[in-house]
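Protein chains: 2
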Amino acid sequence: MTINRDDPRVRRTRRGLQEAFVRLILKQGYDSVSIQDIATEAEMARITFYRHYRDKEELLTDCLNTLYEELIARTEHFSPQGLAAGYSPVQVLYEHMQEQEALYRVLFSSRGTQTVIERLRHHIAGKAMEAIRATGRQPIGGLPVELIAYHAASAQIGLAMWWLDQGKPYPADYMARMSLWLSLRGFLAAVGVTEYQPPVPTLEI
Amino acid sequence: MTINRDDPRVRRTRRGLQEAFVRLILKQGYDSVSIQDIATEAEMARITFYRHYRDKEELLTDCLNTLYEELIARTEHFSPQGLAAGYSPVQVLYEHMQEQEALYRVLFSSRGTQTVIERLRHHIAGKAMEAIRATGRQPIGGLPVELIAYHAASAQIGLAMWWLDQGKPYPADYMARMSLWLSLRGFLAAVGVTEYQPPVPTLEI
DNA sequence: ATCTAGTGATACATACTGTATCTTTACTGT
DNA sequence: ACAGTAAAGATACAGTATGTATCACTAGAT
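Chains as they are written, first to last, in my numbering: chain A, 1 to 205; chain B, 1001 to 1205.
The hints are simulated quantities; they were obtained by calculation from the structure and are not laboratory data.
Fair warning: there could be bad hints in the mix.
Stated by the list, open to error - Here are some chain A residues pointing at chain B (derived, C-beta under 10 Å):
id : residue
1  : His52
2  : Leu67
3  : Ser88
4  : His123
5  : Leu147
6  : Ala172
7  : Ala176
8  : Pro198
What the hints assert, rightly or not - Straight-line distance between alpha carbons at most 30 Å, and here's what the computed DSBU-like set of lysine-lysine pairs gives:
id : chain 1 : residue 1 : chain 2 : residue 2
9  : A       : Lys27     : B       : Lys1168
10 : A       : Lys56     : A       : Lys27
11 : B       : Lys1056   : B       : Lys1027
12 : A       : Lys27     : B       : Lys1056
13 : A       : Lys56     : B       : Lys1027
14 : A       : Lys56     : B       : Lys1056
We put the beta carbon where it would ideally sit given N, CA and C, even for glycine.
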């Protein structure tokens, strides 16, 4: 007696619940949204929620899975060569974010722990900006300093998370030097490509 | 009639609650820990929790703030020059993670939305690994391919989050090209430093 | 030794969760 | 168009978590 997802009533209901949930999360944050809230916002009986989802978590996953699958489908076309050629899966990500801004905001929306990570990232980015200023140079191509700094800070924190998650496969000291080196010198230098130097992006085409 | 934090009983209580909370989060995940659970684990009356914290969220913040302050204090010593010289705030981060592994696991521990980000990061890292293989070269200095890939993927996603958070200050297209370029060429190239090339880190000292 | 402030025990109102039962409404296939 | 079926609505209820109030107890400061 499972529910038939092709039934138009079911599609309406599920879509209604998903959209209501997204609106509420953006308005008041994930934790403080109750299932009654979702049902009320979607103008449905509370019990209808339970006919489709076990809990809030499952509804959230459902919302974001669709988003994820959509993005993945679009990046499948890319050949590895595309990466160096300028147009890349990253481009697809940004386009997709433009289209699905609300859902991406939910995806990235913070819970308690996230704000501390945010502050940490901000702090590391600040250190990076100091380092840039200390060189006494202007970034080439008018690259915004903030952007360079957050790029580096995100890489450092992300790699640190990966390291813990993987059960610390390398020594901490090696990771730290490695992580910094990669931010300083970049992907191409890491694989020994020196003959190809991609052009610096500029704001005005 | 606020509580005096210098009272040894208060310090004991708060520390007990914090430690109990961390244990429970690592065991069963943030969402499924109730305040009663925390009190039981800390061997205290439930009402004692409310005398110190408004809710779970506040306790979590308290736990992580201490961690954050500790880390920040240690990175304050660094001059900007240190960054290029090899020893950096990143090194301090990894050392701190070694010491406070449990708390960092809580900090990075995932909620629903996080696992989708995780999958996204994994996917982008996969694309990056394809790109590395497509060059037909071996990473210099025996750098692990996975590490290079996750470094890049984290930077891309982190910068995308920053972009949304800042209210999309630059065009999506520019961000995408910029973000990719930074990963490819790195921080030093971005600020036009070509005369200094930091040595590639190696595993064995 | 005494006063004070923090903790424990108990109780209670409220809100949320998850399920059960029955009725009403909307879709499907013929 | 209509009968059969499956989903949604209405109502109710048990179980649990939250947040607060009151009073008794006990550890710490002087």
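Consistency of the hints with the structure:
1. Taking 10 Å as the C-beta cut-off, the interface hint given for His52 of chain A is violated, the closest approach to chain B being about 16 Å.
2. With a cut of 10 Å, the hint placing Leu67 of chain A at the interface with chain B holds, because the nearest CB-to-CB distance is about 8 Å.
3. Contact between Ser88 of chain A and chain B, as hinted, is supported at the beta carbon level, the nearest pair being about 5 Å apart and thus within 10 Å.
4. This hint holds: His123 of chain A has a C-beta 6 Å from the nearest C-beta of chain B, less than the 10 Å allowed.
5. Taken as an interface hint, Leu147 of chain A checks out: its beta carbon lies about 6 Å from the nearest beta carbon of chain B, inside 10 Å.
6. For Ala172 of chain A, the suggested interface contact is upheld, since its CB lies about 4 Å from the closest CB of chain B, less than 10 Å.
7. Against a cut-off of 10 Å between C-beta atoms, the interface hint on Ala176 of chain A holds, since the closest Cβ of chain B lies about 4 Å away.
8. Checking Pro198 of chain A against chain B: minimum C-beta separation of about 6 Å stays under 10 Å; hint holds.
9. Distance restraint check for Lys27 of chain A and Lys1168 of chain B: the Cα-Cα separation of roughly 19 Å lies within the 30 Å cut-off, and the hinted pair is therefore satisfied.
10. In summary, the hint linking Lys56 of chain A to Lys27 of chain A is supported, as the alpha carbons are separated by about 16 Å, within the 30 Å threshold.
11. Annotation: proposed proximity of Lys1056 of chain B to Lys1027 of chain B holds, straight-line Cα distance about 16 Å (limit 30 Å).
12. In summary, the hint linking Lys27 of chain A to Lys1056 of chain B is supported, as the alpha carbons are separated by about 21 Å, within the 30 Å threshold.
13. Between Lys56 of chain A and Lys1027 of chain B the alpha-carbon distance is near 21 Å, which keeps this suggested pair within the 30 Å criterion.
14. The suggested pairing of Lys56 of chain A with Lys1056 of chain B holds, with an alpha-carbon distance near 18 Å, which does not exceed 30 Å.
The structure shown violates just one earlier hint, number 1.
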